[in-house]
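> Protein chains in written order, with the numbering used here: chain A, 1 to 200; chain B, 201 to 501.
Note that these hints are calculated values from the structure, not bench results.
Using N, Cα and C, we set each Cβ at its ideal position, and we do this for glycine too.
Heads up, a few of these hints could be off.
What the hints assert, rightly or not - Heads up, incomplete: computed chain A residues facing chain B, CB under 7 angstroms, no partners named:
| hint | residue |
| --- | --- |
| 1 | Ala-35 |
| 2 | Cys-178 |
| 3 | Asn-192 |
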Amino acid sequence: MVLAAGIVVAGGGAAGLLLTHHSTPAERPDTLVAALPAPTGKIVAPPEPTQVTPVAEPVALTIPAIAVSTQLIHLGLTASGALQVPSTTAVAGWYTGSPRPGSVGPAIIVGHIDSYRGPGIFFRLSLLHPGDRVYVRRADGTLAVFRVTVVQVYLKDHFPTQAVYGPVPDAELRLITCGGAFDPARGSYLSNVVVYATQV
Amino acid sequence: MTIRTITRRTVMLMAVSALCLGGTAAASASAATTSAGTSSARSAAATSDDGWIRLAHLSPNTPAVDVYLYSFGVSTAFQVLRHVSYGTVSAYEPLAAGVYSVAMRAAGAGPTTAAVLSTSVTIQAGHAYTVAGMGPESGLRLAVLDDTLTTPPGQALVRVIQASLQQHSVNVSFGGQVLQNGLLFGEVSSYQAVTPGSEAVVVTDASGGGDANASMSLAAGTVHTLVVLDGAHGLEVVDLVDASGDAADPVGGVSTGFGGTAPHGPPSPLLWLLATATGAALAMAAGLRLRTTRRQTLKRT
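Take the sequences, apply the hints, and build the full model.
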C-alpha cells in the first residue's frame with residue numbers, strides 16, 4: 001500500500017516537474033479590440049478665462065479606442081503622501097486633490113493595469129495614440145472630451161512629478177497606470193504609463 | 201467673433217521630464233499659415249516643447265482690433281483673432297517654443313494695413329505669456345507679461361492689472377487680505393501669495409469710493425489675474441484663472457499593477473522535487489519492509 005502510494009507520489013512529482021518547467025510569457029493587450037461607440041450627451045467646451053461656475057464632478061470615463069468604460073471613484077492620498085489606488089482592478093479613480101476634468105489644470109485619473117490573475121481596467125492604456133478621444137461624464141450629465149496628446153513611460157524611481165502633476169493653464173487630463181518590467185521580488189511594476197490629453 | 205475662436209487646443213506638455221522611456225515622439229507643431237479666417241487648423245502632435253500665449257485688449261479708449269500671430273520672420277499670420285475689444289482676454293493657446301510676432305490692426309483693416317502695434321514674443325517651453333495692449337490710446341503699447349504658473353505649496357497667487365482709465369489709482373483686497381494699494385492705470389502688479397478661501401474681492405478708488413465687488417474662490421495651487429476695468433456703470437473686476445495644479449502633489453509614482461499579465465519565469469521546482477523525493481523514499485522504505493517481511497515469512501516456513 002505504502003509502496004503504491006510512494007510510486008504515485010514520485011510519479012506525480014516527476015510529472016509536475018516536466019509539465020511546469022516552462023515560463024509564462026507576458027499577456028499582451030490585443031491591439032484589435034472592438035472600439036466602443038462614443039458616449040452621447042451634452043459636450044461642454046473648454047473653460048473660458050473668466051469661468052466662474054465650478055464644473056460638476058466626474059462620474060464616469062469612456063475611452064472608445066481601447067474599449068474602456070468605467071465609473072470613476074474618488075481617490076485621495078495615502079498617509080505617506082502617495083496617490084491612493086482603487087481597491088478593485090475593474091474601476092478607475094479620480095484624484096480629488098486634482099482639478100475636476102474640464103477645469104483649468106491637470107485632472108488625474110488612475111487605474112490598474114492588471115490584477116494578480118489577469119488584465120485590469122487600464123490594461124490597454126499604452127495602446128492609445130495622439131488624437132484618440134477620451135470622454136469624461138460629469139455628475140450633471142455633461143461630457144468633457146479630451147484628445148490624447150502624448151503617451152509617456154517613466155521609471156517610478158525617477159517619476160517626473162512636475163511634468164505629471166504640475167500646474168497648466170488649460171484643462172488637461174493625466175491617465176496613469178503601471179507598465180514596463182514587473183519586479184516579482186517587489187510585487188510591482190517598475191514604471192508608470194502616463195497618457196496626457198487636452199480638452200477639445 | 202468671440203474669444204473662443206482661438207481656443208483651438210492642439211497639444212502641450214509641461215517642461216521636459218527627466219526620463220521618458222519609449223514615449224511616442226511625435227512631430228513638432230508646424231504652423232499652418234492663413235491670412236483669412238479665424239483659427240487655423242493646427243493639427244500638431246504633442247511635443248514637450250510647448251509654451252502658452254494669450255492675448256488681451258486692456259486699453260479703455262482704443263477701439264476694437266484684429267490681432268495677428270506670426271512665426272517670427274514669416275510674413276503671413278498663422279492665426280488672426282478678429283474684433284477684439286476692450287476687456288477681452290483670450291484663453292491660453294499652446295505654441296511650440298520659439299519666437300513669434302504679434303501685430304494689432306484696427307478691426308477689419310486687412311493684413312497689409314500698417315499695424316497699430318507690434319511686438320515679438322519669445323516663448324519658452326513650459327512658460328505662459330500674456331500679450332496685452334495697454335495704456336491710453338494716445339500712449340498705446342503692447343506689454344508681454346511672463347505668467348507664473350506655480351504657487352507656493354498650499355497657497356494661491358494673485359496679481360492685478362489696472363486697466364481702468366476712470367480711476368487712476370485703485371486699492372484691491374481679498375477678504376481681509378490687502379492685495380494692492382494705489383495701483384496706477386496701466387500697471388501690472390507682482391504676484392501676491394494669498395491664503396486660499398472664498399471671499400469678496402473689493403476694488404476701491406483712491407478716495408475709497410467707487411468700488412467694484414465680486415466674490416472669488418481661490419483654491420490652493422491656483423494662479424489668478426484680476427483685471428480692473430471701466431464697466432458700463434463704474435469699476436468692474438474680472439477674475440482670470442491663469443493656472444491650476446493640485447491641492448497637494450502626490451509623492452512619487454502610482455502602484456497600479458499586481459503582475460497578473462506580466463511574464464513569469466518557471467516556478468520553483470522545489471515542490472515537485474520534494475514530491476518526487478518523498479515518493480521515492482516512501483517507495484524504497486515500503487519495498488525494503490516488504491522484502492524483510494517476506495524473508496521472515498519464508499524463514500518461518
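> Hints first: check each against the structure and report whether it holds.
Hints, one by one, checked against the model:
| no. | hint | in the structure |
| --- | --- | --- |
| 1 | Ala-35 | violated, 19 angstroms |
| 2 | Cys-178 | holds, 3 angstroms |
| 3 | Asn-192 | holds, 5 angstroms |
Of the numbered hints listed earlier, the single one contradicted by the structure is hint 1.
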